[in-house]
Amino acid sequence: DEGGRRWLERAVPASLDPSAQLAAALHCHATLQFYPDSAHRFHKWWEESYWPCKKRCTDVPACEKTYYEKEMWTCKAAALRAHDAAVDLPTVPAGGAFNFTTPWLLRSFYGSRPPRLIALLRSPIDRLVHAYYGHPHYGKKYGVGARRFGEYVTEQVAGWRACERRHGLRRCAIHFEQLGPEPAAVFFHADQIIRGMYAPFVEDWLRAMAGALLCLRTEDLLEPATRRAALRRAWRHLGVGVASVDATGLATAEAKLPA
Numbered sequence: 479d480e481g482g483r484r485w486l487e488r489a490v491p492a493s494l495d496p497s498a499q500l501a502a503a504l505h506c507h508a509t510l511q512f513y514p515d516s517a518h519r520f521h522k523w524w525e526e527s528y529w530p531c532k533k534r535c536t537d538v539p540a541c542e543k544t545y546y547e548k549e550m551w552t553c554k555a556a557a558l559r560a561h562d563a564a565v566d567l568p569t570v571p572a573g574g575a576f577n578f579t580t581p582w583l584l585r586s587f588y589g590s591r592p593p594r595l596i597a598l599l600r601s602p603i604d605r606l607v608h609a610y611y612g613h614p615h616y617g618k619k620y621g622v623g624a625r626r627f628g629e630y631v632t633e634q635v636a637g638w639r640a641c642e643r644r645h646g647l648r649r650c651a652i653h654f655e656q657l658g659p660e661p662a663a664v665f666f667h668a669d670q671i672i673r674g675m676y677a678p679f680v681e682d683w684l685r686a687m688a689g690a691l692l693c694l695r696t697e698d699l700l701e702p703a704t705r706r707a708a709l710r711r712a713w714r715h716l717g718v719g720v721a722s723v724d725a726t727g728l729a730t731a732e733a734k735l736p737a
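Every position in the sequence shown, counted from 1, becomes a number in the working numbering once 478 is added.
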């Protein structure tokens with residue numbers, strides 16, 4: 479689009495030779511997961527169903543008073559059905575259409591020449607602990623310390639399991655809080671559990687953009703013993719010949735990582 483074109487014009491020099499040089503978006507704040515629930519609100523089918531339904535209720539004072547406790551779930555269920563009907567498309571290139579998740583949208587844009595992507599996957603347990611203490615709202619609700627953290631995890635996992643039993647893993651991973659009042663009532667919609675749940679999201683990336691995604695363990699880049707091998711895998715995936723990754727280049731890359 480125009481915004482992307484302007485970014486490229488500013489960021490990539492006109493003299494760039496794609497056959498010999500590499501342009502990398504190193505500060506792109508994108509994530510491997512297309513959550514929270516990003517598979518609905520940015521497309522017209524969901525909006526064309528949900529917002530008129532909500533307006534019909536909120537235009538009536540008595541209905542407006544109970545909308546968020548009652549009628550909202552009728553509207554959201556109808557919007558999700560509209561979403562499902564619209565995006566139930568073939569997920570193979572020969573079908574001429576792609577399932578409506580971020581990887582398939584990118585596939586439809588880039589076609590047979592997708593960009594090379596690298597995802598860093600951290601230990602789900604480590605990232606959950608870090609998120610709990612890094613975001614103040616968890617501590618404010620549950621408290622600080624191992625026992626309080628355990629209570630948070632128990633509650634979050636119970637909410638996730640209840641959703642999974644009723645709707646299935648993939649459905650809950652992508653649409654968790656839209657599936658009813660019970661998932662929506664889980665504190666912050668089990669967001670940190672889902673953000674450490676890589677498999678349902680990686681599956682879409684691998685199907686949509688085969689060969690484009692390299693997954694690396696974050697720990698392999700942080701540990702000196704495995705860092706160089708991980709960097710070599712990354713360079714090889716990006717199409718940079720291993721022979722050109724000299725000691726200076728490795729030292730420069732390593733200097734940008736934590737000690």
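Don't read these hints as lab results, they were simulated from the structure. Any given hint might turn out to be false.
As the list claims (entries may be wrong) - Capping the alpha-carbon separation at 20 Å, the derived lysine to aspartate or glutamate pairs in EDC-like fashion look like this:
1. 548 to 701
2. 618 to 669
3. 619 to 642
4. 619 to 669
5. 532 to 542
6. 522 to 562
7. 532 to 655
8. 619 to 633
9. 618 to 642
10. 548 to 537
Computed from a prediction, not measured in an experiment: that's the story for all the values here.
Now for the hints, and whether the structure bears them out:
Distance hint between residue 548 and residue 701 is unfulfilled; the C-alpha atoms sit about 51 Å from each other, more than 20 Å. With a C-alpha separation of about 17 Å, the suggested pair residue 618 and residue 669 falls inside the 20 Å cut-off, and the hint holds. The straight-line distance between the Cα atoms of residue 619 and residue 642 is roughly 25 Å, outside the 20 Å bound, and the hint therefore fails. The suggested pairing of residue 619 with residue 669 holds, with an alpha-carbon distance near 15 Å, which does not exceed 20 Å.
The hinted pair formed by residue 532 and residue 542 meets the criterion: a straight-line CA distance of about 9 Å does not exceed 20 Å. Note on residue 522 and residue 562: the hinted pairing holds, with a Cα-Cα distance of about 12 Å set against a maximum of 20 Å. Pair hint residue 532 plus residue 655 holds up; C-alpha atoms about 17 Å apart against a cutoff of 20 Å. Simply put, residue 619 and residue 633 have alpha-carbon atoms about 12 Å apart, close enough for the 20 Å limit, and the pair holds.
For the hint linking residue 618 to residue 642, the alpha-carbon distance of about 27 Å lies beyond 20 Å, and the restraint is violated. For the suggested pair residue 548 and residue 537, the alpha carbons sit about 15 Å apart, so the restraint of at most 20 Å is met.
Against the hints set out earlier in the document, violations occur for numbers 1, 3 and 9.
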